[in-house]
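As they're listed, the protein sequences go chains A and B.
Residue numbers for the first sequence, in our numbering: 8 to 337.
Residue numbers for the second sequence, in our numbering: 3 to 308.
No lab work stands behind these hints, which were simulated from the structure alone.
None of the values given here were measured: they were computed from a predicted structure.
Each residue gets a CB set at the ideal place from its N, CA and C atoms; glycine is no exception.
You may find that some hints are simply not true.
[As the list claims (entries may be wrong)] Partial selection, computed: residues in chain B whose CB lies under 7 Å from chain A:
#	residue
1	62
2	127
3	129
4	131
5	142
6	148
7	193
8	210
9	241
10	273
11	280
12	286
13	287
14	289
Okay, here's what each chain looks like letter by letter:
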Amino acid sequence: MTEALASGVPRSSRRPRRPGSVDASVGTDTRLGVPRRRRTRRSRHTAMAWIFLAPFALVFLVYTAIPTVAALAISFTDMHGADLRNPFAVDFAGLSNYVRLFGSAQFLHDILNTGIFVIVGVPVTMAVGFALALALNSGLRRTRGIFRTIFYAPVVTNVVAVALIWQYAFNQSGTINDALANFGFAGPNWLADPHLAMPVVILLGVWRNFGTAMLLFLAGLQGVPEDVQEAAALDGAGWWRRLWYVTLPLLLPTILLVSVLLGVFFLQVFDEPYLLTKGGPLGTTESVALFTYKQFGFGDYGLSSAASFVILVLVGVISFVQFRLLRPRT
Amino acid sequence: MSSETALATLAPEIDGVDSSTPAPHEPVRSQPRTSRAPRTVLVLMLAVFAALTLLPFFWVISGSLRSLDDIRSDPGAWLPSAVTFDNFARLFSTEGFGGYLTNSVVVALIVVAGNVIAASAAGYALAKFDFAGKRIAFIGVMVALMVPYTAVFVPQFVITANLGLVNTLAGIALPSVALPISIFIMRQYAGSVPDELIESARIDGAGEFRIFARIFLPLAGPAIATITIMSFLASWNNFIWPLVVAQSSSTYTLPVALAATSQAASHVTDYGLVLAGAIVVMLPVLVLFLLLQRYFVQGIAATGLR
Chain A
8 MTEALASGVP RSSRRPRRPG SVDASVGTDT RLGVPRRRRT RRSRHTAMAW IFLAPFALVF
68 LVYTAIPTVA ALAISFTDMH GADLRNPFAV DFAGLSNYVR LFGSAQFLHD ILNTGIFVIV
128 GVPVTMAVGF ALALALNSGL RRTRGIFRTI FYAPVVTNVV AVALIWQYAF NQSGTINDAL
188 ANFGFAGPNW LADPHLAMPV VILLGVWRNF GTAMLLFLAG LQGVPEDVQE AAALDGAGWW
248 RRLWYVTLPL LLPTILLVSV LLGVFFLQVF DEPYLLTKGG PLGTTESVAL FTYKQFGFGD
308 YGLSSAASFV ILVLVGVISF VQFRLLRPRT
Chain B
3 MSSETALATL APEIDGVDSS TPAPHEPVRS QPRTSRAPRT VLVLMLAVFA ALTLLPFFWV
63 ISGSLRSLDD IRSDPGAWLP SAVTFDNFAR LFSTEGFGGY LTNSVVVALI VVAGNVIAAS
123 AAGYALAKFD FAGKRIAFIG VMVALMVPYT AVFVPQFVIT ANLGLVNTLA GIALPSVALP
183 ISIFIMRQYA GSVPDELIES ARIDGAGEFR IFARIFLPLA GPAIATITIM SFLASWNNFI
243 WPLVVAQSSS TYTLPVALAA TSQAASHVTD YGLVLAGAIV VMLPVLVLFL LLQRYFVQGI
303 AATGLR
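Use the sequences and the hints to build the structure in full.
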């Protein structure tokens, strides 16, 4: 049927309407006389394009657009698990969920924890990724591919599986403490210690992400022109000075991109604390995302949505900043 | 999750990085070649760090090969006192294990099929059609990339419940059947297909669906491969959404079942069994990764994230 539509216009009448370039209909063509022809062409393609886009558009509407608006709406209601089948029969609750949210000591603690995840996790992951990218980019040939594969493997590894390995390794009588015992240390119960649990949880996040950082930095480093480096070297600049004054400034866009991607990851961190500690001990590893999940589990959809909206706003701010900062480059 | 400009600039460079076995005459870029001695030190340092990175894999393999008694008597030992495949035998005979595996596979198949179809069509349309609403459609893809999953799962669950899809495999799979990552990959790829090919087919009177199916799709193999792998990875490793939607063990996917098993008896975890389960969950993706690294890397190039 569509074929009939498309070829409905006789070939003879279509051909002369395409003067000059074959892709005149694509892009922003502002030559005189062209717009009207483009309009008809464009409207014919509009229906077709949206048919092609329909599956994505449907999934986007049902699972992204509506839920995003709904999350905000639900955060202003007293919706609970019991209202699941009658989502419109809930009462308007004003700002009461937000009042409860910011009056909750645990939530404020969770914001602090999430801040620690971001402030520690992002720079550590970036530093490791950057150091590895530098090392892999400094003239290695035969071993580079192998190392890259190894360092990237954690990124594709299933988080539930790794978290279980982490528990096996970091429990009171796990492999870590077994190794420490060889040096005469009596190892702690890492994940049950309020001071040690957080570093171990963050370590899992770093382990899972430094491969991505490395790969993006490696790509960035390949874009640093060789002659600039050589010129700096000829001028007597040492390795550190070249890194600081030549490489890093040229890598700024990559550094920004990586920091934003990692920032967004650690802002929504859920899997690591949920699987390793359930937010414990004493709530010291509970993230905002985990708080959201727990309130959802308690059936308090209103409070959960209010908390999730806080995440949405924070991620939105970061994404917006990223978009702004990266745009002017081209 | 990154702006289009960043994607466009990164992609070709990452493609360049990617030759998994460097060509013999590959030029050494960026930095003057270091002399032999420091290079040996460098390789040694990298090897040490690689060993640290691989430690969890070592632990899971050695731990899964230890017997129950072995783990009980010396939980922290790094090597099995005697290698046994007992844990795997117990795992495969565990009530429900086959079901979890099947669930994971079925969900992954739905997700992969959905992504290949939805993303091929949408990516092609975004790259090759000039149409009203193109900007909106593109913004939609960007928004889908940026909206944090953890921020919308409550309303997603309410919707899923009202569609009657809670505790079904379809309910688990549907939100992932048109991942924005996949559309990005396909759009980028479709952009590299010459317009002349499509135009000349139009001149010959071919319909748009025919052009898409007969001319574009046969050329899109590499992008379809990348999408298949990326969406399989996303589905197989997905945790929070199946955790929310699968409410009884009949619809548990492998990761959810594994997490449930380990937490059911958290004080006396049967590590042998749990680590064997961890291997089964990890293995398919790691094998795919080792065999098809190129496509994984391209996926990252397109998005910056898995």
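Hints and how they fare:
Evaluation of the residue 62 (chain B) hint against chain A yields a held restraint, the C-beta minimum of about 5 Å falling below 7 Å. With 7 Å as the threshold, the beta carbon of residue 127 (chain B) comes within range of chain A, its nearest partner Cβ sitting at about 4 Å, so the hint holds. Hint status for residue 129 (chain B) relative to chain A: violated, with the closest Cβ pair at about 10 Å, above 7 Å. Annotation: residue 131 (chain B) was flagged as interfacial toward chain A, and the flag holds, the nearest CB pair being 4 Å apart, inside 7 Å.
Satisfaction of the interface hint for residue 142 (chain B) is found here, the shortest Cβ-Cβ separation to chain A being roughly 5 Å, below the 7 Å cut-off. Among the interface hints, the one on residue 148 (chain B) holds; its C-beta lies about 5 Å from the nearest C-beta in chain A, closer than the 7 Å criterion. With 7 Å as the threshold, the beta carbon of residue 193 (chain B) stays out of range of chain A, its nearest partner Cβ sitting at about 11 Å, so the hint is violated. Hint on residue 210 (chain B) holds. Least Cβ distance to chain A is approximately 5 Å, under the 7 Å limit.
Interface restraint check: residue 241 (chain B) against chain A, minimum CB-CB distance 6 Å, threshold 7 Å, status holds. Because the closest C-beta pair between residue 273 (chain B) and chain A is about 5 Å apart, less than 7 Å, the hint holds. For residue 280 (chain B), the shortest C-beta to C-beta distance to chain A is roughly 4 Å, which falls under 7 Å, so the interface hint holds. For residue 286 (chain B), the interface hint is violated, since its Cβ never comes within 7 Å of a Cβ in chain A; the closest pair sits about 9 Å apart.
For residue 287 (chain B), the suggested interface contact is upheld, since its CB lies about 5 Å from the closest CB of chain A, less than 7 Å. Hint status for residue 289 (chain B) relative to chain A: violated, with the closest Cβ pair at about 10 Å, above 7 Å.
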